[in-house]
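Residue numbers (my numbering), protein chains in the order written: chain A, 1 to 113; chain B, 1 to 113.
Worth flagging that the hints you see were computed from the coordinates, not collected in a lab. Incorrect hints may have been included.
Note that the list lumps identical chains together, so a pair holds whenever it fits in one copy or between two copies.
[What the hints assert, rightly or not] Pairs of lysine-lysine residues, derived as BS3-like cross-links and limited to a Cα-Cα distance of at most 30 Å, are as follows:
1) 2 to 81
2) 2 to 75
3) 31 to 75
4) 113 to 2
5) 113 to 31
6) 81 to 31
2 protein chains.
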Amino acid sequence: MKVTHYREIPRDPVGEEGASGITVRRVISEKDGADNFSMRVFEVEPGGYSPYHNHPWEHEVFILEGSGSLVQGEKEVPFSKGDVIFIPPGEAHQMKNSSEEPLEFICLIPNPK
Amino acid sequence: MKVTHYREIPRDPVGEEGASGITVRRVISEKDGADNFSMRVFEVEPGGYSPYHNHPWEHEVFILEGSGSLVQGEKEVPFSKGDVIFIPPGEAHQMKNSSEEPLEFICLIPNPK
Chain A
1 MKVTHYREIP
11 RDPVGEEGAS
21 GITVRRVISE
31 KDGADNFSMR
41 VFEVEPGGYS
51 PYHNHPWEHE
61 VFILEGSGSL
71 VQGEKEVPFS
81 KGDVIFIPPG
91 EAHQMKNSSE
101 EPLEFICLIP
111 NPK
Chain B
1 MKVTHYREIP
11 RDPVGEEGAS
21 GITVRRVISE
31 KDGADNFSMR
41 VFEVEPGGYS
51 PYHNHPWEHE
61 VFILEGSGSL
71 VQGEKEVPFS
81 KGDVIFIPPG
91 EAHQMKNSSE
101 EPLEFICLIP
111 NPK
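Just chain A, with the same shape it has in the complex:
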């Protein structure tokens, strides 16, 4: 059993090409014995974004603080605190902080088999 405040877990920059002003804390992972899926907490500064990309696994997201928009092709879907987001495998997506406050969200992914 592990009980830890998420801010006690180290925060790493997301260095991926196409990302800007975004960091990640890997709060529950295979290192904890979580074999099936992993929990990460992302912080996005005002104007920051994740890469616009797609991949063959899903995202399960919960918005903890702030607001922003989910970009998908020509579409921008706004979201804010308390929203849950499901992005199926293979759907292109980008998370953007278009507000003037920090954006924080939980994002879970399946672990590689």
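For this one, chain A is given, so just place chain B on it according to the hints.
Leaving out everything else, chain B in the frame of chain A:
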């Protein structure tokens, strides 16, 4: 893609034996096409608790609001807003709201294969 405020999703009582004053919203599930794991949001009223039980799957938890304690045998580990909790498969556990405020947490589980 699904973007919905978690409070728009119906809230069901947890009727399981040994539970008291606890409800669940199944915010992301197989119905959404989430094949690997599911996200639920639980609300526990002051004095309420989940059943003391164990099962062969893990929990990945994030405390959204309030505080309480995680019971495991003789041990009671306090938790509060912003804590992440990993409960490995097979470990007995109970979530208790020992405060005077509502407790809300996210809890994710793997889907049956």
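Evaluated hints:
no.	hint	verdict
1	2 to 81	both (26 Å within a copy, 15 Å between copies)
2	2 to 75	between (39 Å within a copy, 13 Å between copies)
3	31 to 75	between (37 Å within a copy, 24 Å between copies)
4	113 to 2	both (23 Å within a copy, 25 Å between copies)
5	113 to 31	both (15 Å within a copy, 23 Å between copies)
6	81 to 31	both (29 Å within a copy, 23 Å between copies)
Taken one by one, the earlier hints all hold for this structure without exception.
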